[in-house]
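2 protein chains.
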Amino acid sequence: MPEFAEPLARLIQECKRLPGIGQKSAQRIAFHLLRAPREDSENLAQAILDIKEKLGICSLCNNVSDGEICLYCRDPHREQSQICVVEEPHNILPIETTHAFRGLYYVLHGAISPLRGIGPEQLRIKGLVDRLNQVEIDEVILATNPTVEGEATAVYLSRLLKPLGPRITRIAMGIPVGSDLEFADEVTMSRSLENRREM
Amino acid sequence: MPEFAEPLARLIQECKRLPGIGQKSAQRIAFHLLRAPREDSENLAQAILDIKEKLGICSLCNNVSDGEICLYCRDPHREQSQICVVEEPHNILPIETTHAFRGLYYVLHGAISPLRGIGPEQLRIKGLVDRLNQVEIDEVILATNPTVEGEATAVYLSRLLKPLGPRITRIAMGIPVGSDLEFADEVTMSRSLENRREM
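Chains as they are written, first to last, in this note's numbering: chain A, 1 to 199; chain B, 1 to 199.
Think of the hints as simulated: they come from the structure by calculation, not from any bench.
A few of these clues could be false.
As the list makes no split between identical chains, a pair holds if one copy fits it or if it spans any two.
[Stated by the list, open to error] In silico lysine-lysine, BS3-like type, Cα no more than 25 Å apart, as pairs:
#, residue 1, residue 2
1, Lys162, Lys126
2, Lys24, Lys162
3, Lys24, Lys52
4, Lys54, Lys24
5, Lys24, Lys126
6, Lys16, Lys52
7, Lys162, Lys16
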């Protein structure tokens, strides 16, 4: 490992803790910041501090929010009778990018995982039950991850929420669009067969 | 583009200005920092600010340094009679990683580029000439980039420094080790032929 002046070495270490950033990327970023105008560095540092200072959790859906209520919950144009349930705030992103869903979200902040000792009581489920009891909801879409934990959470929520009235649906699992059957793993392939639709 | 709470959107924007970081990586980093302990964020922000506050330029070789003299120049174990000349401080890295060079460095902070109006007088060349006049130097290795600008700079320095006595060498250009001749561009291939060695 080459030597660096101490402040530079420390910045490289800190950058390496970020997801997807290895030694080489960290060095590139550090040297970029070294050459960049001081104002750019200060803006970046401030932005990093601000997400801790200025962001909280939406009191309705647990999404990250810069106010008491997040931008989806406070948007009157969103469909109020559909709720899409996700594990983490960043799971909202890929759904929003599709523009295929215009309802509201609900963030659990985790998934049931007996192996890691996480049961339903550690997730933020109460707010969802309360909402279903207070407001008329037509459909709850369970968009937890297609993993053992995400599936367990979906099954649990489905049993818990069905008696409260709404339609409960689960996002489809199957072969990714544009890929080749040849590259599909067995579990995905069998899911894809199971979930086949009439044409 | 999906919507984000303002502080999150700003952090994503700032991250996208870093080299090699696009929209997706920036989102991943921002959500990572959102979930990370506050201490981690503060350490990163502080490290970013510190490289502006605590780093300067070595008065001997112009490398970045946390003191008056950089860690290479103040290391008595480095070979004092060999100087490797590079364009930018970050060019030292790939050379150090090889462990094949144990001499000192000299950083020009640029390269001659008539197209961009950069002449020799804008580079930090005087310190190098002064050193050659004051200290006995056996060899100056010109490790400027294998570009038009780097070559022009190497040719200029070679003419300037040769009368001062030391051996002047240039790093070899040729086919990268482990690659295939098929993928070599014409210029590299012809350089590789030109620079062929007896076996």
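Hints versus structure:
1. Lys162 / Lys126: Answer is within; shortest intra-copy Cα gap is 15 Å, inter-copy 79 Å.
2. Lys24 / Lys162: Answer is neither: 51 Å inside a copy and 36 Å across each miss the 25 Å cutoff.
3. Lys24 / Lys52: Cα proximity of Lys24 and Lys52: across copies only (21 Å, versus 28 Å in one copy).
4. Lys54 / Lys24: between (32 Å within a copy, 22 Å between copies)
5. Lys24 / Lys126: neither (45 Å within a copy, 32 Å between copies)
6. Lys16 / Lys52: both (20 Å within a copy, 19 Å between copies)
7. Lys162 / Lys16: neither (45 Å within a copy, 43 Å between copies)
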